[in-house]
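Novice: Chain by chain, the residues run as shown.
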Amino acid sequence: MDLEEEVLARIERQRKLRPRFRDDRITMVHGAGGKATHTLVAGLFAPAFANDALAELGDAARLDIDGAALCLTTDSFVVKPLRFPGGSIGELAVNGTVNDLAVSGARPQAVTAAFIIEEGLDADVVRAEASAMAEAARRAGVAVVAGDTKVVERNKADGMYITTAGVGVRRGGAALGSASIRPGDKVLCSGHIGDHGTAIMLARGELELDADIVSDTASVWPQAEALIEVAGPALRVMRDPTRGGVATVLNELAGDAGAGMVLDENAVPIHSAVKGACEILGIDPMYVANEGVLLAVVAPEAAGDALDAMAATQGGAAAAVIGEVAEEPEGMVLVRTGFGGTRIMDMLIGDPLPRIC
Amino acid sequence: MRFVDEFRDAELARTLGTEIAALAEPGRHYKVMEVCGGHTHTIYKHGIEDHLPESVELVHGPGCPVCVIPMGRVDDGIHIAKQPDVIFTCFGDMMRVPGGDGSLIDAKAEGADVRFVYSPLDALKIARNNPDKEVTFFAIGFETTAPSTALTLMRAKAEGVTNFSVMSNHVTIVPPLMALLESPDLRLDAFIGPGHVSTVIGCRPYEFIPSDYGQPVVVAGFEPLDLLQSIYMIMRQLDQGRSEVENQYGRVVPWEGNLRALEILEEVFELRPYFEWRGLGFISQSALALTDAYSDFDAELRFNIPGVRVADPKACQCGEVLKGVIKPWECKVFGTACTPETPIGTCMVSSEGACAAYYNFGRFARSKARAGA
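Here the protein sequences come in this chain order: A and B. All you need for our numbering is the position in the first sequence, starting with 1, plus 18. All you need for our numbering is the position in the second sequence, starting with 1, plus 72.
Hints in this document: simulated from the structure, not taken from any laboratory. Watch out, some of these pointers could steer you wrong.
Said to hold, decoys possible - Have a look at the derived ranges for each label pair, beta carbon to beta carbon:
| # | chain 1 | residue 1 | chain 2 | residue 2 | range |
| --- | --- | --- | --- | --- | --- |
| 1 | A | 63 | B | 231 | 46 to 52 Å |
| 2 | B | 286 | A | 33 | 39 to 45 Å |
| 3 | A | 166 | B | 204 | 36 to 42 Å |
| 4 | A | 22 | B | 76 | 49 to 55 Å |
| 5 | A | 24 | B | 74 | 46 to 52 Å |
| 6 | B | 226 | A | 38 | 49 to 55 Å |
| 7 | B | 226 | A | 20 | 54 to 60 Å |
| 8 | A | 326 | B | 332 | 55 to 61 Å |
We put the CB at the ideal spot given by N, CA and C, even for glycine.
Isolated chain A (complex conformation) (with noise of 0.2 Å):
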């Protein structure tokens, strides 16, 4: 062996080691949804309550309770601001957990609320929340069903934090997990990319910078559903990309399938508004979050009726298949440029940082 496979080899080994938690303190960047977060949660949070439903470090853990197939899950909103372009914090409560049930292939049923709010905020604030978190829920087809309320002092919070958790029935005919992806398996994605964290940037003011960008936050479970029917076992595998957008979730898969994500860019449904918006920030959309995206891999067979079907749905005519599986770059993913290049994209490593240059 020459040395420069004897020093990838070495690479590869310290790669497949499994993630151990080394900082001394936590920073922003672990909460990015990156490589830090992953290390955070594999490294620390997974060894220590170690168990069956917990391993696979997916959207939701799938229970088996007497018989009931369920899917549990949890997660924390600490939006700035409270309300944005096209929706606000109570609505992406609501409809983030809503998000992760439905890409485990399980019907949302009930959601809990735990609100910490902080001293002297306006209590309409906390009305308006209340009601948006209420339509939310409707339109979604869940009931918030218990809650939980904590005030802390001033300056302890901006204004409001939200932790929702959710319980859903899995839809039997679906076998859903990144073992089964194969080579040729295609990648479709349900709408515009990007729109969410774009339209929160803006929403901060800090930019300067006026675009006409909303938020796509909104329940992804009639496009779940859709694909669970058309598709049955030939959907292997949805994901939710949230922080750390798409770029991460099929660095993920990738990683999680041992094959290759190769990427169409052009064909990758994104508003001319978001892509000039990040242009100019010097922000790559792929890795910027969403709150109203689906991303699926399905057998190649199956593709065109998955992709019609979805399409059918509400809020999803932009679905397209952006991209399918391949045998290399093992755990990669390979994006084909516009320009005629291709490119590697890695997983977000740190904040999504302004680049100077």
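Place chain B on chain A using the hints.
Specialist: Positioned in the frame of chain A, the structure of chain B alone reads:
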């Protein structure tokens, strides 16, 4: 997107790629250095190398302003950030560059008020809005960003803002190029000149490269077709046995540069006798400090910074990687002491640096090379 898509046409790219290949002499290997980090990003983002024949290799140069900041300067910045009542501001991608003991993101987690801004003027605005705080801007970048720092300082002075200061880490492009060219083991054929820097300094400062070292320079824009066209112009020069400075980015870069910006730089900045570059060591007259007229705004004087000097580990061979003398995997610390999580040299700090790219994707490049063989 109008005014952007025109510069990203895959069909034109294929045509240019074919013409570049036709100019390549059989059996000859060409190494072309793109000096600017922005060019490296474009090359990577659009997959430009796929349009080039195998005999034309792009070498990523020292022009990423974030990556060349040495650990000691980051530590000095963190020292300021941790002083009471300081708001420390910098460009976003500076925040994760590691110093000797953590990055600015880590300092923020430990309680420092570190914020990222898109412009030094935003930092000045923060100073105006927080009169009871000291606001420092950690200025980085080549001649591209230095004029905006200079203008901000002139405005701060005119307005009599007293709670604002700048820690200048501005660097100049020509000295590191000269240092590279002076090295006896350099193996390069030509340079793609930095477009943004050249909007300020013009094309003339590169004339020593063809005249003294016989290598072509083509100043290039930042869209993928700009880069392919400039590589074509370089290949044409090499084919015709010419070496001169050419300007591909004429729609933005005037030959003489931006005289007004140069005047402003002259007023606010002066050359430091020497400055340390991560991985390249000390280079004389390669960086800018504030002139006496602006010493009231100099964060280095205001905060009495420790002047931390963290030696690059001896084994780091960034300089050799940049010069194309060795491959990343031939460096003694590559993949052991130096990884993307714990980078030592500039080539590992930037995710597009030669070493970081090789660490993350080297196995793919290798398998692709095998498949092609």
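Novice: For each hint, tell me whether it holds in the structure or not.
Specialist: Taking the hints in turn, this is what the structure says about them:
no.	hint	result
1	A:63 with B:231: 46 to 52 Å	50 Å, holds
2	B:286 with A:33: 39 to 45 Å	44 Å, holds
3	A:166 with B:204: 36 to 42 Å	38 Å, holds
4	A:22 with B:76: 49 to 55 Å	38 Å, violated
5	A:24 with B:74: 46 to 52 Å	50 Å, holds
6	B:226 with A:38: 49 to 55 Å	50 Å, holds
7	B:226 with A:20: 54 to 60 Å	57 Å, holds
8	A:326 with B:332: 55 to 61 Å	59 Å, holds
Of the numbered hints given earlier, the model fails hint 4 alone.
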